[in-house]
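One line per chain: the protein sequences are L and Y, in this order.
Mapping of the first sequence onto the working numbering: position 3 corresponds to residue 3, and the numbering continues sequentially without gaps.
Mapping of the second sequence onto the working numbering: position 83 corresponds to residue 1083, and the numbering continues sequentially without gaps.
You can trust all of the hints, since none of them are fake.
Heads up, simulated PhoX-like pairs for lysine-lysine below, C-alpha to C-alpha not over 25 Å straight-line:
hint	chain 1	residue 1	chain 2	residue 2
1	L	K336	Y	K1101
2	L	K326	L	K336
3	L	K357	L	K403
4	Y	K1101	Y	K1088
5	Y	K1082	Y	K1101
6	Y	K1101	L	K326
So these bits of chain L aren't anywhere near chain Y, every CB distance computed over 10 Å:
hint	residue
7	A29
8	V39
9	K59
Derived by calculation from the structure, the hints in this document are not laboratory data.
We put the beta carbon where it would ideally sit given N, CA and C, even for glycine.
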Amino acid sequence: MMGRVIRVFGGTQESIGRLLIACMAVGFAALLAAGGAAVWTTMRNQAHTDAVNHTYTVKLAIAQTRTLIEQGETARRGYLLTGDPDYRHNYAIAAAQTSPEIDSIAALTADNPVQRANVATLRPLVRNLVAQRGLSIALTAGGRANEAVERFVAEKVARRMYQIRALLMRMGDEESRLLAIRDAEQRAAVRAFYGVLAVAAVLLLMVALLSIATVLRYTRDLANSRDQLRGFADSLEEQVVERTTDLTRANEEVQRFAYIVSHDLRSPLVNVMGFTAELEAATATIAGLIDRAEAEAPGIVTEDMRLAAREDLPEAIGFIRTSTQKMDRLINAILKLSRQGRRVIAPEPLDTAALAKSIRGSLQHLLDDRGAEMIVEEPMVGIVSDRLAVEQILSNLVENAVKYLDPKRPGRIVLRGAREGMRAVFEVEDNGRGIAASDHSRIFDLFRRSGTQDQPGEGIGLAHVRALAYRLGGTIDVASELGRGSTFRVNLPLIYAETKSNRSERDPA
Amino acid sequence: MTDHRSVSIVMIEDDEGHARLIEKNIRRAGILNGINHFTDGTTALDYLFNHEHGPARNGPALVLLDLNLPDMSGTDILAKIKGSPELKRTPVVVLTTTDDKVEIQRCYDLGCNVYITKPVNYESFAQAIRQLGLFLSVIQVPEIEGD
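The shape of chain L in the complex, shown without the other chains (with noise of 0.2 Å):
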């Protein structure tokens, strides 16, 4: 289920969300390229305003010029009818003007052949004109106003000044030609900018709609998949609740098997158990007539018989008794687990360095006997659990310690408690004898013991131990190596928690 939806995510959602992403990067780089073309399309347009300008102002000179030598003109003239100084003085100053106004003509209109072809033909007529007009001034002021005027007729002012005016027409019309051609580019420029801007603005729509979109879609995936991840944490839930129920149930039948089984074995084994002391009974009086009968006739006792009476059937009996207490041994253990998974327990905090001490209060003979130590480390950590299984749990551990200790040398036996988190690990150590690595598992499964069988038991202690630490939502193992010793870990929670599964267990069965 999990794996379906991850393909789901990975294969076509994945290629839309790339194609949206290209899709933004095209749109961005339009973007960007369009922002280019109007940042170009100003600087042409920059570029435009400035030539019309330039041309404005060679047509403003060329004005200019034209009204000096005009003023000029009428200065000369009306100096020569009237001798009036203030016409004289006109006329020096627009003379004066009328070259650096050429100059700075030439200066603007340097990169264009036409008008510096026309400036050419413009400067001798105008020097030509001016040294014409210096002469008349010059003879007038002087007192020879009539050889002036004379002059003046000869030298056919009105046709140079044709000349010029049509020069100077001449100019402005270049010049306008000029102005009509750059305007038709300047509007151009400024057309060509608006479609730029009209484009960029197309393009920014689309990208922010293209966004907008993706920003849409990934929030609507992310709720999307936020949603199935809560399903599926709760799914989850749901499941291991449902096996945690199942495993409940499992184990109840099992204990329930367990109860009736053991249960129900005792009843024949009453029987036999009576029976065989029936049979022994009755052994003994066949043994008493036996007896007799050797005494009073001998001849009638055969040696099978005496063997049968006297030797035979007391020990088959006494094989029968010995199986079936073994059995009846065997029977209470597996009564006693599946009781021991019935019980309720009853949380309390627990001072556990204490709980070790009182443990080792009560096995100090044993320790004493068998000349070993034990060491409670403190401080040890302090749980919420029920005691009298933590109690078990671990008496049960220090009693296989001091049980299987290494003769060969003085036993010593660990306690100690540390916290990990959430749990509480407990070890019980020690320098016995060990366990095979093979047994590691096995030792904890019920009637099954490890190494040589010098030590009373029936291989209850360590699965009624794994039972009881289960029961308190904990765990246990072993770390150990043959003739070196043991440490046995339980690991349980810091506060028992009841589980449902543990709940169920309370009602009585």
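Given the structure of chain L, go ahead and fit chain Y onto it with the hints provided.
Same frame as chain L, now just chain Y:
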């Protein structure tokens, strides 16, 4: 007051072997009262309540009851005996393999007079039965009214 010989013993026990062992030990204890043995609950109840020689209609009795019966639970029989006006004073001795505390308490709550666990150790079982025989020999079963 009644002669203890007239007290009949009703044994409800599905296991023939157990029944035989119980009977043997009762006899060894010197109890000679008649023993009526039933291996299932239905016939036992029928005898207790309806039979003309049964305790409900005829004379005092003592019930030895096993809890594991094929057709019903011994506790049901116990509840019926202790719930009936004719039989509620009849002593009931529960003899079973169950040593479960809850079960024992339940039996006493229902009115069982003695509870004996059948131990696998035969000697203690035999002793318990013989002591029961002693108990039977001194027990005074109330006479049924109108008898």
